[in-house]
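Based on the provided sequences and hints, a complete structural model is requested.
Each residue of the sequence shown is one higher than the one before, counting from 1 in UniProt numbering.
Among the hints, erroneous ones may be present.
Subject to a maximum C-alpha distance of 27 Å in a straight line, what follows is the list of computed DSSO-like cross-link-like pairs (lysine-lysine) [claimed, not checked]:
{"hint": "1", "residue 1": "Lys-497", "residue 2": "Lys-563"}
{"hint": "2", "residue 1": "Lys-460", "residue 2": "Lys-619"}
{"hint": "3", "residue 1": "Lys-62", "residue 2": "Lys-193"}
{"hint": "4", "residue 1": "Lys-347", "residue 2": "Lys-631"}
{"hint": "5", "residue 1": "Lys-18", "residue 2": "Lys-89"}
{"hint": "6", "residue 1": "Lys-460", "residue 2": "Lys-347"}
{"hint": "7", "residue 1": "Lys-497", "residue 2": "Lys-460"}
Have a look at the derived ranges for each label pair, beta carbon to beta carbon [claimed, not checked]:
{"hint": "8", "residue 1": "His-552", "residue 2": "Glu-636", "range": "25 to 33 Å"}
{"hint": "9", "residue 1": "Gln-505", "residue 2": "Pro-618", "range": "23 to 31 Å"}
{"hint": "10", "residue 1": "Glu-391", "residue 2": "Glu-344", "range": "13 to 21 Å"}
None of these hints come from the bench; they were simulated from the model. What you are looking at is a predicted structure, and each value in this text was computed from that prediction instead of being measured. Glycine included, each C-beta is placed from N, C-alpha and C at the ideal position.
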Amino acid sequence: MGANSSSISELPENEYLKKLSGAEPISENDPFWNQLLSFSFTTPTNSADLKLLEEATISVCKSLVEKNPRTGNLGSLVKVFLSRTKELKISAECQNHLFIWQAHNALFIICCLLKVFISRMSEEELQVHFTYEEKGGAGSGSYGAECEDLIEELLCCLVQLIVEIPLLDITYSISLEAVTTLIVFLSCQLFHKEILRESIIHRHLMHGRCLPYTSRLVKTLLYNFIRQERSPPPGTHVFQQQTDGGGLLYGIASGVATGLWTVFTLGGVGSKASPQLEQCSPLANQSLLLLLVLANLTDAPDTPNPYRQAIMSFKNTQDNTAFSSSNPHAFQINFNSLYTALCEQQKSDQATLLLYMLLHQNSNVRTYVLARTDIENLVLPILEILYHVEERNSHHVYMALIILLILTEDDGFNRSIHEVILKNITWYAERVLTEISLGSLLILVVIRTIQYNMTRTRDKYLHTNCLAALANMSAQFRSLHQYAAQRIISLFSLLSKKHNKVLEQATQSLRGSLGSSDSPCPDYAQDLNVIEEVIRMMLEIINSCLTNSLHHNPNLVYALLYKRDLFEQFRTHPSFQDIMQNIDLVISFFSSRLEQAGAELSVERVLEIIKQGAVALPKDRLRKFPELKFKYVEEEQPEEFFIPYVWSLVYNSAVALYWNPHDIQLFTMDSG
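This is how it looks when you write it as structure tokens:
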């Protein structure tokens, strides 16, 4: 873009870009590249400026698409970048700002052009633009099958750059640009409704020269996420003007505009970062998004996804057991640092999705997390996501809920959460909670999610997973907070009212349909069936607690007795008779003891009688039911859910990347 370009609006008229996209071939050794790459340009981070950049790039690309087959200038630009990356490591060690600056500029232009190319042409057409080979004089190039595959070389170079270049102030920007360019390379999925199962880019990344770097790439991206390195302050990582000379390159670059060239400094010269970007690390965010994209690539016909294999098998640095020979992509990482980062970053969808993937797919991580003695640091942010359900997108809520379900599959987790006592949960607004166990808080939040779902979204999937988590915990309920016990019974009360209402509607509808055969009647039978399934599950949860830990939960017995009339209608109901036997027995047993104690008893006295009665109740009188245990299983073809979800996160959360929403085919704009 050259030294003269300082604003986005000037780009289409920029003389260097006009030459790049013009009719004249430019050789790799032409001094033009030094001029093109010595530009001062604040990379935009807000959506309005990013849209302007996209539009400016499109006008350059139109000319380039038309003329590049004859000039091969895109290939020349890529080769210029490739040649410069060979010296990057030494440049970083020698603090060669200028060299890194120009290498970054080259990659920035490539990335901008690539993004437009990929959104407007097939991979086969893109490959043609990369495989130009000059045979003779100007303009006499061809697309021979023997020419090197520049796409694979560029991909491999980007991977090497990410894993091998040390992360310093002066290399932060080019590391970020390399991650961003890989995301752009993979963005062809955005422009297809169907999940891509075969792709040239996928093939290069999962085979050939990129394959040996798999574990190092996954490890580096994870460490970028863990470290959360923020952009260096403006001026610490860019070429600064000096008063003395500096050779040819310096002579060209000295014309750079009055300010410093800022690359994604988020708040650098002439740019104002959004609050969201100010709070995060651009490199950590972008690295996590790339990791999620790579992990969710579909398996090749002959090879499983190596990035997913790496994520499934990495181990703790303190684990000295031998690696399995069946997985060449295994590596080690510091689990303590990873756990801390996961706890701190759960406000973002992508961090929650990473946590889900690790708990579901990596048994080493799952075992480590369940053994932590500070599990509340992970569970509390997940509960906060569920608590603010109305502010979150449905996918984020699903992931948070499934994480809880996976955790509750472990009996040790279900016991330990009742031993963790929390003080002053400020975000829980319905009631002041000065002291409550993590287990009771978890129950409160899950029940609140069920109630929200019943009145708003009516999502059966959400119901099922909430109830499954409660069911998994029920046998280990311990010392339930009185408010948690009340909410369990209140939920049952709500379900009971809903059941009666649907039953009444069904009866009226049936009477109406007998008198008229014209109007179709709603399917109340199906509604009734669904609500009876939920009621049955709630009764099983209460029953599981009573049969396994009644003596630990006087507050639940108290709440049960206080609302005993609720259960009357279900005693003789054929769907609930069996499960009601134990509940009925407990209500009768404790009611009798309270009657013997006299009238007008204080709450304290009632609880005392319940505690004494819990010891006296013969356990053999309670009927044993199969243990309530639910295990999360991914649905068939999970990629149909996860790939659009991951790309919606990229679309909405990637730093300094804009795609025209009208071009997106993979998902609708409200699905992100």
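Cross-check of the supplied hints:
no. : hint                            : verdict
1   : Lys-497 <-> Lys-563             : holds, 13 Å
2   : Lys-460 <-> Lys-619             : violated, 35 Å
3   : Lys-62 <-> Lys-193              : holds, 25 Å
4   : Lys-347 <-> Lys-631             : holds, 26 Å
5   : Lys-18 <-> Lys-89               : violated, 32 Å
6   : Lys-460 <-> Lys-347             : holds, 25 Å
7   : Lys-497 <-> Lys-460             : holds, 19 Å
8   : His-552 <-> Glu-636: 25 to 33 Å : violated, 40 Å
9   : Gln-505 <-> Pro-618: 23 to 31 Å : violated, 43 Å
10  : Glu-391 <-> Glu-344: 13 to 21 Å : holds, 19 Å
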